[in-house]
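Position chain B against the provided structure of chain A, taking the given hints into account.
Sequence order for the protein chains is A and B.
One point on numbering: in the numbering used here, the residue at position 35 of the first sequence is 50, and numbering is uninterrupted.
One point on numbering: in the numbering used here, the residue at position 34 of the second sequence is 39, and numbering is uninterrupted.
Hints are not guaranteed to be accurate.
[Claimed, not checked] Which residues of chain B face chain A? A partial, calculated answer using Cβ under 8 Å:
{"#": "1", "residue": "G89"}
{"#": "2", "residue": "M167"}
{"#": "3", "residue": "P216"}
{"#": "4", "residue": "I217"}
[Stated by the list, open to error] Just a few of them, taken from the derived set where beta-carbon distance is under 7 Å, the chain B residues facing chain A:
{"#": "5", "residue": "D84"}
{"#": "6", "residue": "A106"}
{"#": "7", "residue": "R135"}
{"#": "8", "residue": "L136"}
{"#": "9", "residue": "A139"}
{"#": "10", "residue": "I173"}
{"#": "11", "residue": "D179"}
{"#": "12", "residue": "Y182"}
{"#": "13", "residue": "R200"}
{"#": "14", "residue": "V203"}
{"#": "15", "residue": "L210"}
{"#": "16", "residue": "V228"}
I should point out that these hints are in silico values taken from the structure, not numbers from a laboratory.
Computed from a predicted model, the values in this text were never measured in an experiment.
Idealized CB from N, CA, C, for every residue including glycine.
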Amino acid sequence: MAIRLKPTGVVVVGLGAAGGVAVLPLAQAGIDVIGLEAGTWLTRKDFAPDEIRNNVRAWPMAVQKANHEVPTHRSNSSAPTTRASSHPMMNAVGGTTLHYWAQHWRLNAWDFKVASETTRRYGASRIPKGSTVEDWPFGIEELEPYYDKVEYEIGVSGQAGHIKGTIDRRGNIFEAPRQREYPMPPLRSTGFLDLMSAAARSLGWHPFPGPAAVNSRPYQNRSACMYHGFCNRGGCHVDAKNGPHVTTIPKAEKTGRLKVVTRAHVTTIEVDARDRATGVTYVTDGVEYSQPAEVVLLASYTYENTRLLLLSKSKAFPNGLSNNHGQVGRHYFSHATGHGVTALFPWNINAWYGLPAQGVAVDDWADDNFDHAGLDFVGGGNLWVFSDRRPISAANMSTFGRAPGWGSAWKKFIMENADRGNTAYLQKTTLPYEDNYLDLDPVVRDPLGFPVCRITAEFKDNERRIGAFIQDKMDQWYRAAGALAVQQGAAGTMGPSTHAYGGTRMGDNPETNVVNRWGFSHEVPNLGILGASVMGTSGAHNPTGTVQALAWRTAEYLVKNWKAVTT
Amino acid sequence: MAANRDDPADTGVSRRDLLKQIGLAGAVVAIPLRATEPDAFEQIRTTTTAAVSGERFETLTADEGELLEAVVARIIPTDANGPGAAEARAARYIDRALSGALAGSRKAYADGLAALDRYSRSTRGASFARLPAADQDAVLRDLETGSAAGFSEPTASAFFAMVRAHTIQGTFGDPFYGGNANFVGWDLLGYPGVRLVVTADEQRLGTTLTPIRRSAYEHAMFVKATARRSEIELPLIPADRHFHGD
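One chain only, chain A, in its complex shape (with noise of 0.2 Å):
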């Protein structure tokens, strides 16, 4: 029998990117505020530059609650199940932007109205077939605002392309208007960027620093960022990544509004006999606790998200919580970022630091930035180039069929070339496919023993020809710079991925979306789901900014309307 808490205000589920963001807001209006969070705090000193912990060993995702309940994977419902060995997304106060790459874009204007644009621009027959794709329920313009304050709040560092109608062609021509520039600078350029950055001139094109929640100068009593190198998969060991840990969540404690709670493993979201949550259940150390609250935040990452309202089932919530409409876990999709391109060049580039977010952009092949008449796809791709290396991933670099794998000559393959590859990373246009989606799987279990997420998905010939169509740009780009080889990765598959959409899709049809267009459930009014499940669309950029402007505006409308919302 669960311990029965006191009842709170809200209680979010998950203190990452969104859980984290929303916070803040909550408790500066004063409303108490309980944060369930299933990892621990961790701080700088746990951040050692250390290849073989960090990216090897897969610390610190290799630890805690989410490696037990990784998903499975199927390409479609006739292929057979596997199951990858750890999960990408950790468990931890603060998440996953404890060692993410804190790319934080803006998405573009075209990826809230893909299909009403696609149709216009092109015709209806060019959406896809078996797409999903709806139009967001507001444009870009709505976010604008919360992508700003969020810009500020955590902290981005970048060059602004667009304010108010103004170009600025030292940042993204292509971006829509902002209100301002970004609160700091963007993070430093190299000798290597430079000169990528003179090569995508020369073809014509448009590069620029990209946004990036780290700090390029102090900000907020913060540390500049140090360049060193241990950024991806590895947390920030003088605090200058920006995520909740750092940002929101120790303001909003500071308000005594926001009382965290660590190890916090939640296993249902209580509902009353009608279409009410009243509150949660979480396990610690095996211990069952019961937290009532007014409102229940539901923001544990997409596989999460999904799973545990499928696992909430009711009297009045047969089919799981929210999902009387057979939504929930529908328009799943992961975005599609394999496809990379590496290229050898004929010296040194010296890229042993730096960090993923310290690199140059091109937007002109992105989302619809340019004509697709002629073309067999909508949607693109961002370029990125950036500085980072360790010397086990050197060591492991390709070898361009120049060498063997092993021995003396491939000894002396990696002395010589070992600083001088360089893989670029190529976020695609990734759409919904009514094919494609998240549910229960039949036979694993968790710890626990519920049913851990099950995935069935691939992509799709839209996705396959714009891979196609980046990675042929990309290489352009990297023989303009004088690359003596490059060459083109696969596609991957759509398994568990840090950059994960759907499943609880925003819209303002409960037919076809789970949450109306404030993040609030169409069948149970007082709960909110934050993250990427309520994206509809990726667009070719990282959907943290993107997640961080959403958790904050359905916080935002949470206490401008907490009677309507409560009662």
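Relative to chain A, chain B alone:
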């Protein structure tokens, strides 16, 4: 709460000091170094560049250890281009890890090394460790391509891929784990070492950086524990090889 998770006494360097030194002051100053376990690092420094064979192993049997040392020495050979996995003590890294993070691979090593030696004796008439280098390479190629007989679980090619991956880890990883002795792996690649602060000049093209030969854990601010590692089986393939950005 704040005091618990941010105790300057625990880190050896306070936030204020750090900001003063490297952030707000604008100038770049090295973060102070205070080795708390001098003995462990003494070992890193005093290991000779010559390979030490016949060393006592912590996990493997003496026979297994001898075989493994012979294998790693062919994967990254000592040759005209300098020291290799033998001098880096990659076998010591693997041996130690097999009682820790790689414990789940202990049986794979026992079975794989036994199968390797049987295959070597039946096709070349001698234990792998006693074969000339060219014959050792031929045997390892048979493993790599999967043509070597007598392997079951792991298969010959899976066993080879596993040993190769671990040899690379033991040669190029942080010396804290027992390999990369004397930093021979980092020197081999031209990796200039772990720096906690990297300047703009150090990221320019054509810059020659002075190598820093120092384990991450010689910086006193970092916790040495491998964290709250779960009991799950850890992946054999380095996470970096599954290229996926965040």
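> So which hints don't hold here, by number, going up?
Replying inline: Result: hints 2, 3, 4, 7, 8, 9 break, sorted rising.
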